[in-house]
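Asks: Please assemble the complex out of the two chains, which come individually in their own frames, going by the hints.
The lines below spell out each chain.
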Amino acid sequence: MSATRPDQGQATHDTAGPDHADAHRLTRTQLVITVAVLLAAGAALLYVLLGPSGVLRGSTGAPAWLPGAAACRADPLAHVHDPGRLKVVANCATVRGLVEQVQYKPGDGDWQVTVAVDPQYRRFLTPADHGVLPVRVIPTDLPHVPLPALGQHATFYGAWVLNKNLHGRAEMHPAWRISAASAALAGRAPGGTAGSRTGGRLVLRVTAPPSVAVGAPFTVNVHCALVLPRRTVRASLVHLFIEITNSRGVGVRWQARSTNLLGDADFRLVALDAPGRFAVHIYAGKSGLFQTAEQSLTVRRV
Amino acid sequence: MSLSPLKTLPRGRPSVRVGKLRPRPERWRSLVRAVARHFDPPLMAIISLAAFLRFWELGRVGLRGDEAVYAGQAAVLAGAKEYSRFFILQSRGDSNFLLFQEVVSVIYRVTGVSDLSARAVAATFSVLTVIVTYLIGKALFGRRTGLFSALLLSVSGYAVMLGRLALLDSALTFLFATAMLCVIKWISTKRSGWLYGFAAAASLTVQAKIAGGLALLVAASYLLINRSAGQLTRRRLLIAAGVFLVALTPVLVQLATNWELYAGFLSTSIRRASAVPWYYYGQVLVSNDGPFLLALYIIGIAFAVGRRSRSDLLPLLWLLTVAVFYQIYPLKAFNYLLPALPALSILTGRMLDALAQWFHTFTVRAVSAAATVRAVSVAVLTVLVVGAAAPYLRNTWQDDSYVGLKGAATWLAKSTPPGAGVMTISRGSAQYVFAFYAHRDSYPFGRFNLATVFPGGKIVPASAPPPAARTPRDWVNRWPPRLIRNGRVSYLVYYTTVADDPPEESQVVETSTQRQFRLLIERYGGRLVHTVYYRHEGRAWIYRLTTRLPHPVLSYAVRGAALTVRGAGFTENAAVTATYNGHRIGYGEANGDGSVTMSLRFPDRPRPRYLLTFTDAAGRYASVTLPRPVIAYSTQHRIATVTGIGFQRSSPITVTYHGVVIGHARSAADGSFVASFRQPARLFRHGQLVVTDRLGNRGSLVLINPRLRHSVAHGRVTLHGSGYPPGALVTALYRGRLMASTRAGMHGSISLSFTLPAGTKPGWLLEVRDTADHYTTVIQMGHRR
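From first to last, the protein sequence lines are chains A and B.
Just so we're aligned, residue 3 is where the first sequence starts under our numbering, counting upward by one.
Just so we're aligned, residue 173 is where the second sequence starts under our numbering, counting upward by one.
Quick caveat, the hints were computed from the structure, so don't treat them as lab data.
All figures in this text were calculated on a predicted structure; none of them were measured in a lab.
One or more hints might be untrue.
What the hints assert, rightly or not - Calculated cross-link-like contacts (lysine-lysine; reagent style DSS-like; alpha-carbon spacing at most 25 angstroms):
(1) A:K89 with A:K166
(2) A:K107 with A:K166
(3) A:K89 with B:K504
(4) A:K107 with A:K89
(5) B:K504 with A:K166
(6) B:K586 with B:K253
Stated by the list, open to error - Incomplete in silico selection of chain B near chain A, CB under 8 angstroms:
(7) V496
(8) Y666
(9) R690
(10) I693
(11) E694
(12) G698
(13) H708
(14) G710
(15) L783
(16) G791
In this text, a Cβ means the ideal position worked out from N, Cα and C, and glycines have one as well.
For reference, chain B alone in the conformation it holds in the complex (with noise of 0.2 angstroms):
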């Protein structure tokens, strides 16, 4: 095997050059011929049927997440200062430099914002590079190589698909195509400026997405291999490099302007990864295009591989390059094989183009008009491929996914106020449909590693994931309530994705991002407004939230006999009902955010297990019990003191001792006392001491009562005790062993420390014991082992 240079072409035409000014008739025939030679009827015809297949009923569908996002900043580019609010100038993933959003900007500038100008910049991308295909087929094999790769590229559902959607990606493939182009022609002319046009386009398709930077490597490696670097001398080299650089001019200011941004969100972005299977593109490319075009892809990569052809080279490189790098990439898109299907396209016309050649060379001996056969068979391979692709052509044309957000943010602009927020759905981009179409703050719902921008500009970044998870919860778990609660967010948006006619059950709610969304729009009381359909069936639902709380609170302060009772979370506009053990005390209407408040008179007689109640219109209710009185008793040299709170204010306070009245005092203003007397002479084992005000407030205590406090550390036990008679012995036991004893002080107060024995287990038993066996302390150790 050998491997020689690449044929050149001979440098312009003679036959025209030379020779005098022709005569005018003359002329005109000439340019009539050279238009003729040029227009290339087939060729005409297949980007004709790409541009059809692109453009038909282009804005039939509104825009998804990602679009409105592009679109959001190309209009902030174009100087429309509504959206400057809810779209930044950067790129959240640190994807792109913003290269497809600046030549939507130049449209919008003329036919002003809309979701339709955005798509057509793809399309015609997309058709633009089926323009380019062919040319690369046509250099690298012949015209009707070039012809079947644009005709595979034109009618691609993957394509199609792509080129209707306002992605970044027409963009980068056909940046992508264009830079090899330029190095095919550089190769084959060794003109200087398809090298620097190279250069030029690589740095387009590096600011298109980042991912277009492979275009550098598919050429760096296909120079490699076919020893052609020798062509690129220093002088080239640099003025190639040169060219780079001043194209990539933006992208050196963006990041010099925004580095700190630039740096955080790539901390965010390194971290999505797809939970999708290994297989997940070869599904992709068979929901898209079917398995026909499929199988035919595969077998034209075998072909190419089996014929070891120089001019296969460039493009199986391309496709390996593309496919094995998001293949190792561990976030994954349904988006993101465009790049590589020209190059799939061109080998798979190679293959087409040998069918034919072979079909021609077969039958020629039987058949004496070789021009009909190649016609035949040129156009049953064609008739084949366009069938093939036509049923899955037609599932792109009727792709009606997220079809209900742009209803849904239609209904929002009209029929809610300018401040009213938004939560919907999203994997980090769906909030902004709403921000883009009906210029409302609008949050997103949902798992994924991506900043979000709040409207007015703050950046909210992606939080760390939990411990083996992939991604954060704050959007699920933290921001939602907040939001809700300060009255940021006011309409839920639930929308499906696909759905057929009539739908399944699971086609509604799905996956469990969708059950919790459905279950904040249960918590929050949410009330159906307003449902988007499409075809007879329901695509969007908008909520309005009635409550701000997912249950209702209570909260209260007492004023003597007054009762302020304050209550948040209720059904907004909602009448309250207040009950005390069942019994009405009171009535009241929430506030627009649901809080309630009112003044009630305090119960005669409170009661730990009587419930205070508020329940609102729609059967939503919170309840507390109210005080009570909570006392406290120490003495000193034989001085009792007993303290408490929570009783009548200013009202005479009544203390006893296992039913003798040992002391008076009058309680504060703020419902607190004091009173001090002598020790009772004597401490029953089930005396207390009780202590009411003039309502009948009640506070109660055991004197003795032996409390324990433990403590265990390196197998050590400490144990604090109170309550003892002073001067009792106090004995520890554990599992019957005796570990230590003490007395208690002269306060009834112990400090007892041992060691546990080895072998002990979470399930024995410790117990402090008095010398009289009166109270015995039982503890379960409950250390873990």
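Bound-form chain A, shown alone (with noise of 0.2 angstroms):
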């Protein structure tokens, strides 16, 4: 581009030492200097898109989906708790290996099934897993999902993640199928099978306001029995989950409770939502039995 000499007017006759400049143009040192300078800022920019936090570092990927065993999910994180934490890498993934520990999460109602994978797999896994990944199955999930045994080789369905508040740790999260290689340890359902092979089944009784104004607390309250076939109980123990949907089905709250002695269960919450109106779905299990409930809940200006 030429450079254009204004026409600088009258009134700036009175300052017109460094107008006359205009027309000179940089000295081939000014050029290198100018050069320079702008390499600098492109090698700083260069590193910030690509250092060792760039933004352009790819991530590890994700094992191939295994098609047949199941179906693959379109919205793999509906009903996982916070999903603004997960990054969805594949929504379906399999992946294989030997299982070394089963483990309840009181924190969110999943069950964590902690897998060696097999060495084909484990290029996918980040520093954070520590050479084991987790799979998770949620709350929602149980009902379907026999959790495999310790020791074994199973094949694990489900989406493939990254958990940012683990430090980029990959998960299986969750997984909708499991398929054990020794079906003779396979299908356990979590906490055993007690309450299953006693033909009993959970009844769920919830109390909640039908409406709360925004901001206010509130308590959902859950009594769980467990009907054997000549007497009712109350079910201590049991894992309950609530999800609170908004109208689009979307997940919005979640929290993770067992009931006590008494077979009871509150759910202390505060509405920080938008007006409108909500459903409340609770799952609850206990040794094999599995149970829903839902109520709707309004949530209003004042």
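Replies: Shown next, in the form of structure tokens:
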């Protein structure tokens, strides 16, 4: 582009000194210095983009999906609590490995299966995994996802995510199908099968306010009873998971609890949500017995 | 290409100075002409527009956190003693040396402490920056460029937004631009006064904000590239350095008196980093100035780079230095780019000027009225710029971020006792809004690398973040429970920063910190006491905590038949019911701090599975099991000794073995006892030693019950056991293979040691058996590979 000499006008005559300089172009030395500065700036930009925490550094990818055994979910994070902490790498992935641990997580109601994955899957793990893959089975999937036993070699189907809250730990979260190599150990429901053997069933009684003002605290009380063939007893230590969904069916609140010895559990919540209609879903599970309940809730302006 | 020195202005005006003193009417006319010559209607219009945009409804929304800190510091400087409890005269991020606060404090001394005064000072600096930008543009390129530059800066949504906030950036930018103007004037006029002015302005820029030191870098590189450093004689340099140091005296005094504090703050502030994408500042500019102005900025830069004109050099260096510094600097914030905006405006103004000139040149061939064409083209460009900026200016005016904080603080000031402590979501400073407006002790909740000043002046530095994390969790996990437990925090304020009408779900609770703060409200029984509304939407919610612990706890003491139970963490002033095994055994009421004490009768027949439960009216409960008596058994020289605790005090004690009474004793006043008797002649495999008192408290143990302890070190297993039949042969088998054997001593104790074979696995079991094969203890070694 050539230098355009502007018409400075009458009023600029008294400050005309620098104006005449416009016609002078930079010398070669000045140009070199300017280019050097620009190169330094470019290098800094490249560092920001590709440095240790650069935005363009790629993720580790995800194992391939093995079709046939289970259907791929369109929205893999449905019913997963606080999905914002998870970055979905692949909606559907399949991984195989040895079960090292099966653990209930009382904080969020998930069951975590810790898997030593087969060698071909290790490259998909991140340093935050420390060599083992956490596979999460969420409460809503528990009725139809039997947990494997310790030491079992199993195949896991689910979404491959990175957990941003745990330094980018790779997880299968959620897993919606687990198939075990050894049929003798497969099919175990979480918490054993005592309840299902007795032929009992869980009964939930939910007490929640139908309407609550924005920002107001409210309590959802859940009473669990175990109905056996001849009697009904209070169901203690029932794993409860509550999910509140908005009018579009999108989850906005999640909490997990266990019932006390009287079979009661209180979810103390604060309605810091936008006004609208919500649904309170409760998922209960104990000893192979599962039950769900639902109640509507309106969050209103005062 | 050649580089010749800038032409200098003629010194003075001979036509004015030479000659006799003119008659009075002539002097008046001369004065009017001089005023008229300097009165530039377009410039006045731009300044008026800038002032209007910055001052209109300046106090519509209350102060934000950082603004409250600066306003509070200014209040302390102005001598308002009630603020000294909450604010210290030191930047917690080592970012500034209180220059802006000093200026505000002067205003405070006249008008009194208010949020509006602090913002008015910032707005004034912002308007003054428009004038300085005009002068720079005019000095470098001419009046029309100066006017375009001033117009761009005056209508820039970004500049207006920051000009309306009581932050340091408007003062910094004004002083930065003033320093640059001094450099330009010094180069062009060669008058030393401009150099000394630059030294003073640069010094003040550093005091306004340490990043103002970039002005020195810009000036130095400009002088070097421009080959003007030769004008800097040793004498001038020394005087300029002297001026710089004299102007820097407040900084030196502050550093000398508070050096340790500065060093402490520095260690935490250098850890501050923002988790934002690399294009963050681009986003900031687009959201505040809009894509059209941003495009103009980019074209302006490209135009200047293409021209490679020496006059473009200073604004380019200015822009490049500030932009590169903040792009590399790990801590990013929405206000950091402001010092670069005058440079952007000048480069863009220069481009618009050239565009108007080109338009004039292009059309003047066809149209005879050149002046009209020029005026129309300038007017069209002006309308375009203002029109493009208008929607974003409207957004800036209507910005209601943090609108609920002031309302919440006002309510707290009116409706809570003076000693009530407040906690709110913060990235280090938001809590000070309550200190400024309500004079309440306030604390943050969140994750940040910034020291926190406790009410009274105690400084709590930010601790080191956990491994692989950027920010510490002190103010999420550690301090909030502690401050609530000891009653220093009794109110929680939840607020939203932005909201649409109607708001989307994600806007009420969005971030992880917000979720955790909501959890804090839920755990501590937060009761909603006030909501701050803005345009019919809740923007801040004030919760009064009804308990001091997330879960109630119980402890007890037994004195004979009296059981004293103390509870904490119950709902304050709530009725509390005590039950034992589901039966009500007492009532009480929690105190104001949620504690409760009940004196109950010790249950006649306590059982380990029976729960003593306290439940308050809000349904919060805690439970414990009452003590089961504990006994121990030892033998020496065939004399057995049984000791026990937890029995009814001063009660007869009966000792039986396998159903046969073998001893008697009496418990002491503390419920303990010691009984000695002849060791049973024969021990049974399932024989139990049972000790009972008058009330039926019962302790028991199986006498022969081998107990093993094992340890593994460097592949060597060591076993120590007791409870075997004296003289019994005990073997250790590992995965069916005999590893070692020994005989039990006269007291039934054994010790074994052996080395594990190679290739062992955690799942393999170690079995320890006696010869009669009565007792087999299986140990899973459990060591990791």
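Asks: Work down the list of hints and note, for each, if the structure agrees.
Replies: Results of checking the hints against the structure:
Proximity of K89 of chain A to K166 of chain A is assessed by CA-CA distance (about 7 angstroms); at most 25 angstroms being required, the pair is judged to hold. The hinted pair formed by K107 of chain A and K166 of chain A meets the criterion: a straight-line CA distance of about 18 angstroms does not exceed 25 angstroms. Only pairs whose Cα atoms come within 25 angstroms are accepted, and K89 of chain A paired with K504 of chain B is accepted, the gap being roughly 24 angstroms. Proximity of K107 of chain A to K89 of chain A is assessed by CA-CA distance (about 21 angstroms); at most 25 angstroms being required, the pair is judged to hold.
With a C-alpha separation of about 20 angstroms, the suggested pair K504 of chain B and K166 of chain A falls inside the 25 angstroms cut-off, and the hint holds. At most 25 angstroms may separate the alpha-carbon atoms for a hinted pair to count; K586 of chain B and K253 of chain B meet this at roughly 20 angstroms. Here the hint on V496 of chain B is kept, as its CB sits about 5 angstroms from the closest CB of chain A, short of 8 angstroms. Interface hint status for Y666 of chain B: upheld, as the beta-carbon distance to the closest one in chain A is roughly 6 angstroms, under 8 angstroms.
Of the supplied interface hints, the one on R690 of chain B holds, with its beta-carbon coming within about 6 angstroms of a beta-carbon of chain A, less than 8 angstroms. A cut of 8 angstroms between beta carbons decides the hint on I693 of chain B: the least distance to chain A is about 5 angstroms, and the hint holds. The beta carbon of E694 of chain B is positioned within 8 angstroms of a beta carbon in chain A (closest approach about 5 angstroms), and the interface hint is therefore held. Residue-level restraint check for G698 of chain B holds (minimum Cβ-Cβ distance to chain A is 6 angstroms; threshold 8 angstroms).
The interface hint given for H708 of chain B is met, as the beta carbon of that residue sits about 7 angstroms from the closest beta carbon of chain A, less than 8 angstroms. Interface restraint check: G710 of chain B against chain A, minimum CB-CB distance 5 angstroms, threshold 8 angstroms, status holds. Satisfaction of the interface hint for L783 of chain B is found here, the shortest Cβ-Cβ separation to chain A being roughly 7 angstroms, below the 8 angstroms cut-off. The beta carbon of G791 of chain B is positioned within 8 angstroms of a beta carbon in chain A (closest approach about 6 angstroms), and the interface hint is therefore held.
Violated hints: none; the structure is consistent with every hint.
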